[in-house]
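The residues making up each chain are set out below.
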Amino acid sequence: MATVAEVTEVHAPAPGHKGLWSWITTVDHKRIGILYLWSALLFFIVGGIEALLIRLQLFTPNGEILSADAYNQLFTMHGTTMVFLVVMPLASGFVNYLLPLLLGARDVAFPRLNAFSYWVFFVGGVLLYSSFILGGSPDGGWFGYAPLSTQVPEYVRMDFWAVGLLTLGVASIASSANFIATILTMRAPGMTLMRMPVFVWMTLVISFLLLFSLPTITVGLFQVFFDRNFGTLFYETAAGADPLLWQHLFWLFGHPEVYVLILPAMGIVSEILPVFSRKPLFGYSFVVFSGIAIGFMGFGVWSHHMFTSGMGPVAEAGFAISTMMIAVPTGIKIFNWIGTTWGGRIRLTTPMLYALAFIAMFVIGGLSGVTHSIVPADTQQHDSYYVVAHFHYVLFGGAILGLFAGIYYWYPKMSGRMLSERLGKWQFWITLIGFNLTFLPMHMLGLNGMPRRTYRYDENLGFDLWNAVATIGGFVIALGVLLFVINVIWSRRHGEIAGDDPWDARTLEWATSSPPPEHNFDQVPLVHSRDDFWHRKYTLDAEGFLQQRDEPVGDWIPEADPEHIHMPSPSYYPALTALGMGIVGYGVLYQPAGFIVAAIGALVLMWGAFGWSMEPVTRTPEPMAHDDRHPELEAAAATEEVESE
Amino acid sequence: MAARVRSRLVLGAVLATIALAACGTEEVPQNSLDPAGPIARDIDGLWWLVFWIAAVIFVLVQAALLVSIFRFRARKGDEGRRIRQLHGNTKLEVAWTIAPAVLLAVIAVPTVATLFDIRAEPTGDDVLEINVVGHQWWWEYEYPEFGFFTANELHIPAGRPVNLTMTSDDVIHSFWLPRLNGKRDLVPGRVSNLTLFADEPTPDGEFLWGQCAEFCGLAHADMRLKVKVHDEDGFQAWAAGQAQPAVIPTDGPAAEGWEIFKLVCTACHPVAGTEEAQVRLAPDLTHYGSRSWFAGATFRNTTEHLAAWLRNPGDLKPMAPELNDLAADPPRILGMPNFGLGGAEVDALVALLQSWE
Amino acid sequence: MTDLVTAEGHGEHISTHPDMNVVRKTAMWVFLGSECIFFGSLIATFLLYRTETRGGPTAKELFDIPFTSASSFILLMSSLTMVLAHNARERRDPRQLRIWLLATALLGSTFLAGQAFEFTEFAHEGLKLTTSPFASSFYVATGFHGAHVAVGVLMLLALLFMSMSGRLRTGEGMNVELVGLYWHFVDVVWIVIFTVVYLLQV
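Protein chains in written order, with the working numbering: chain A, 445 to 1089; chain B, 70 to 426; chain C, 817 to 1018.
Quick caveat, the hints were computed from the structure, so don't treat them as lab data.
Quick caveat: nothing in here was measured; it's all calculated off a predicted structure.
Each residue gets a CB set at the ideal place from its N, CA and C atoms; glycine is no exception.
Among these hints, one or two may not hold up.
According to the in silico footprint, chain A covers these stretches of chain C (three or more CB under 8 Å from chain A) [unchecked claim]: (1) 836 to 843; (2) 855 to 866.
Residues of chain A placed beyond 12 Å of chain B at every Cβ, according to the derived structure [to be verified]: (3) Lys462; (4) Ile478; (5) Ile509; (6) Ser574; (7) Val596; (8) Leu637; (9) Ser729; (10) Gln824; (11) Tyr830; (12) Phe835; (13) Leu839; (14) Arg936; (15) Gly943; (16) Ala1004; (17) Phe1039; (18) Ser1057.
Could you build all of it, start to finish, from the sequences and the hints given here?
Here's what the structure looks like:
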């Protein structure tokens, strides 16, 4: 890339990239990423509406907008939605879109498995939400504590929840294995592990976290589902079962899950801060290793969710100390981010504002997190609004603000157009103020004795003021989100043309066009350093100051056959296989008669999986080696390539 | 410039809210920051220690961030500013790894010490033992020393420890009385303990407020608890009264009420001193008339409230009595059904219940 | 885009195509790591409930160690035949490959038949899925293992079909190797289950 060409219009989509069928059959990681992002945005709005209804009900003491039953459904679905259908798929969307670009790769390791992950996620989301029209949505809390979740099938509706989460778990396991294989084996030449962008590192960490934490909740969900439907006795306390088993299985997943939700945002912020500070990330290796440390320690703190369950003071002291320790790597990250901005030239663009606000808000969430490790104090805070405040500072102030930063930062790469900075800054300030209005008072509510998950409260409790403020804040956030949606839709047509590298960025995704071609890079980059793209543009002068190169430099690896870059062909088998899973899901929900449906679903699933493994991967197959010993195979080999994912 | 002003406004608002939050503790009966006994006071002290440490860290970190933003932000015309490309500083990294670790170690010591203190079961002759069973959605209290049961409204003496031995007979509940102690779960199939210690009696007509803190289904919000703290004499007098059997009225509306009670209520509600009411599936009504609160300590025990409750309990509190199964083992109770009582029947029952003082 | 090839990259051929064998094996290994936690949780549940028999049959009364040892031996032998199948694949010997794939699938099916027989026996002796927490956790833990064996048998039969119909190319060794990895893993899990769930409980 000798000169940065003036880009005046956005590429038209490639042929075959239009129409519903092309989206269903796509195996392009970028299009799958966009599917994830749009789905997550849709669920974000739905989950947000649920939150607004909850806040309306709590606006005044003894609110009468919702029944207790409706309230329980809404808070269960709000939590489940925001965790599994918003923050995780938002992160998945970014990872899908960016991972190969950041690594200088043409695609993820298993493109069809990637499509399968998305469609299974989609099916899981549909399953969960169809419960609203099929007899009422789950109402036992997103944490589904047994034996409430197994108590009376007609009364606590957790079957859709169990089947929905099991389905979503399959999607996450598949994509985690896919991402790990991609990161470990698909990097561009020269892209050593310690040259990888921090976002890629965080993806690696969360993939391992998911792989090793999802199985425990999977087992727990099977137990709950079997208890409810087949009469097993995993949580039947009258038969000698122990409800704490569920808590351990759930939180062995649930706590690592917290880091699954926050680490991608940390990765995004670690990419954005250096770009808008014109400085490399301060203490790269410390940021990376503290991320890994958080991942490891994340498996050793789960019982701090159970300080009131009665584990005994010795176990409680142990988990208190491990919980305190996890603050150390978290602090390292925060200090290094501030260090990154220090001495730079800070451009306060919308993505940068979000990234900075992420740090500021996450510090509050982190500090209130430390107060949970003070077990005696936690016995007051636990299951109160203080905890609600804490995790919203982590998951909204942290994860969602970080993901907003990511959207503003990468939207130009994905769409070819900039989001409006003017609208963006309005949205930023409105969201930030609304967020603090909503959740800061909740600290006080919790300490004042307001428990979570209560659909009404008395007027004599002194909760009125802060609840009213929080509800107003919730609507301010909604206004911010509305501006965001307007911005996204308006800018798709009318946004300023972005060009390849609108932010003067550092990583490889900006070295290709916006949006990138299906094969990402015309030629694969040869990587010489961390932030390779930056070093192609800039160098250091004799005193160690930044200096722009007269002419960008950089290595590209010539293609042996530049006319044909083999990309995987579209395939409907992944979506078909996912559809089979969905049919199985509905079948088991309506047993015993549904077993026939489940059997049909299993056949569809096997049809999909078999077709998938028989189908050739690439559109134009590469020439095949002849196999002398197997002459009868030659004909088949000419058209078939077998992949087993 | 505008951005700077706005940021300051935001910062100001945040600080003001924190300041407000830190002091507005009046007339908040469930306030964990307003301890009424030594255990809650220990917890409160620990909380404030950590709060102030956290507050200092908060201010330092936010200040560093803001200083960096204001000092190094891009200004018009400084596009050519020379920027040193610093990759890190190992000494700094070591420092900000060790400093928080040391600070946390300092916090860990009082944390663990207080933890073992508050978890220790009280010993000695002056401990009052109370057994607590959590039900959907009410509390059952048994005073083994005195041999009686009561519900929802807990009475304890001031100035000596009370040991709650707790379990649940359906789902997990959590006993939370913020002004005396942190919360403790009641897990079916397990026994847990919680110590209460109140400094002083509550004034006449006033109670310590608390409620169930673990989501337990439909009426979780209405599973509240009220605690009356007596001086020792008052407590003994109250307990002696509660230990008496109920008096069966022989004439007037209360006697009519007893006839209805025998038909309708004895399937679940026990009343001490009667042969007819011995099934213990719902609150013990022996001295119902002496209570100030009913239905999960959610409603004041007035004639109007009680009459409304008897006409249709579902109007006052969300429950699922259609799923009750008295024949199951163990029986399943998910609330009081609507018995379709007429006005006269309701009045008679109210008269009966309020006569049981 | 102009190529600016520096000394480092000049002249040598740098492959931009990763070795798909390595890619696939990496994914399979991490997936099996995840499966370890899955079975770990099932076994942990069983250990928690091993004595919660609620008056129903206990492990001591039920387990027929000689019988289960025999079926365990059969499953372990299938690992050997799987190795032979892989070996035939490496030697590019399709006839041997098919024989050993079929043998592995048959041994796996025999194990499954043994499990079905065992479950039926236990049910006759009064251990139903709903008898006690012990029963529930026993059936679910061993049942999920059986389901894994069944999936493995299906994959082996698919390999066999692909080999017969000429869709399995000798230059593409990964399918047999991947299924082999999975199969050995399922066997290893059984060794743990047999030890912890059966041997340690009698």
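Cross-check of the supplied hints:
no.	hint	result
1	836 to 843	holds (count 6)
2	855 to 866	holds (count 6)
3	Lys462	holds (41 Å)
4	Ile478	holds (31 Å)
5	Ile509	holds (14 Å)
6	Ser574	holds (23 Å)
7	Val596	violated (5 Å)
8	Leu637	holds (17 Å)
9	Ser729	violated (8 Å)
10	Gln824	violated (4 Å)
11	Tyr830	violated (9 Å)
12	Phe835	holds (15 Å)
13	Leu839	holds (19 Å)
14	Arg936	holds (27 Å)
15	Gly943	holds (18 Å)
16	Ala1004	holds (37 Å)
17	Phe1039	holds (26 Å)
18	Ser1057	holds (45 Å)
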